[in-house]
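*Asks:* Quick mapping for you: the protein sequence lines, in order, are chains A and W. Just so you know, we're using the working numbering here: the first sequence kicks off at 345 and counts up by one. Just so you know, we're using the working numbering here: the second sequence kicks off at 216 and counts up by one.
For the record, the hints were derived by calculation from the structure and aren't laboratory data. Take these hints with a grain of salt, some might be off.
Each pair of labels, with its calculated beta carbon distance range [as the list claims (entries may be wrong)]: (1) A/Tyr435 - W/Phe431: 52 to 58 angstroms; (2) A/Leu553 - W/Ile264: 19 to 25 angstroms; (3) A/Ser394 - W/Pro309: 43 to 49 angstroms.
Just so you know, even glycine gets a beta-carbon here, dropped at the ideal spot from N, CA and C.
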Amino acid sequence: MELLAFGKTGWGDELFYATLMTIAVSITAMLIGFLFALIFTPLKLSKYKSLNLIGNFYTTVIRGVPELLVIYLFFFGGSGAIMFVASMFGYYEYIEINAFITGSFAIGIISGAYSTEVFRGAIQSIDKGQFEAAKVLGIKKYIQFYKIILPQMLRLAIPNLSNVWQITLKDTSLISVTGLVEIMRQSYIAAGSTRDPLFFYSFAAVLYLLLTFLSMKLINKLEIKYSRGF
Amino acid sequence: MDLELMINSFPKLLNATVVTLKLLSLSLFFGLFIGLLFAVMRMSKNLIINKFAYGYSYLFRGTPLLVQIFIIYFGFGQIELIRESFLWVILKEPYWCAIIAFALNTGAYTSEILRSAFQTIKKGYIEAGKSLGISSKIIFYKIQIPIAIRQSLPAYGNEIILMLKGTSLASTVTLMDLTGVAKYIISTTFKPIEVFIVAGSIYLFMTFIIHNLIKFLERKYNY
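Kindly generate the complete structure, drawing on both the sequences and the hints.
*Replies:* Quick look at the structure:
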């Protein structure tokens, strides 16, 4: 227990901040994932074959390649890509991107592929009559989306999105390979300096279980909120 | 684009794919038995056995695979009792540590897949078997298991693909699997995109094969 003391004698405060970091990366990655889903879901549902192809390429490649490989691509290739773009604007200095941004982006792209599939499934399972009725009533396209399609879609999507959240949360442990100090990295550091890996990795497992447990409780509340009236 | 690097790294990555496939097949093999065992335990009426199986699957599905590997590889070596026992022969090898972690992990997911498959079997099938005077053991092996296998094929196919991606974590415990070698080439040449394309294509090819194999089996065992 002394190992978990707060302050200079123990690892309690370090692990606490590391847990906050895991939560921050997970939420950022999930939001970046939603942005990707916002772009790729319409592409997958489009009438045009070529747009479908782009959407399918994204979801198939990301879901078929290991997360770790994607992270390595961003970790090693991220600053290179930024420097390439910067060089087009005449900036040739070395640019290093922060591990938080690289990590959230890598996990966000992965999470986005899963979210895209969830949204596509949810939209496709909405009754065609809903779209037609809205059209007949002369409701504008975006109001139709926000007031009719989106509320119904969310009800169907939330249970699956909670799975995506769980996957995203667990995937953040992989960013530890890039040196970002989240739960896994902090446990690695603590295990190395105290020579007590069993304790610290088990404690990391407990922290992850706690996070999944608490977020499930929260999501269940959302689920009840969005399924009212059914 | 450095085409030469892509061509040169291809055979190295293909060699590493053998390691990945070995890890995958061994962990799936052991995972299937673990999954079946825990699925049967989950359906048990004994509350202690039932809760134990539930706790197992909750624990392994709620924590990242990376934590599980690290606990087994770095953590278990710390216990004196294990280091002195025969288990140390196995647990000092990163290869077997990775397989144990993968098998336990996929076992947890497989148990959930099989449990839901068993539960969707219509009561009528079992009752029909009983009324024909078939013993409950044979009902389990000849009626419940074949139906459950067919029911769980699509979900199990997904699990195989997830496990294929999971084997990439073996590279974190010094194993040179496909991802491990890809990382090594990237960090020595600093050409991440080229290596990603080659290694990613190999992974995608394997996913493609697994996906179609499962589809073929689904059609074959359709009823």
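*Asks:* Give a verdict on every hint.
*Replies:* We went through each hint and held it up to the structure:
Between A/Tyr435 and W/Phe431 the CB atoms are about 53 angstroms apart, so this pair conforms to the stated range of 52 to 58 angstroms. Range check, A/Leu553 to W/Ile264: about 21 angstroms between beta-carbon atoms, so the 19 to 25 angstroms window is met. One distance hint, 43 to 49 angstroms for the beta-carbon pair A/Ser394 and W/Pro309, holds here, with the actual separation near 46 angstroms.
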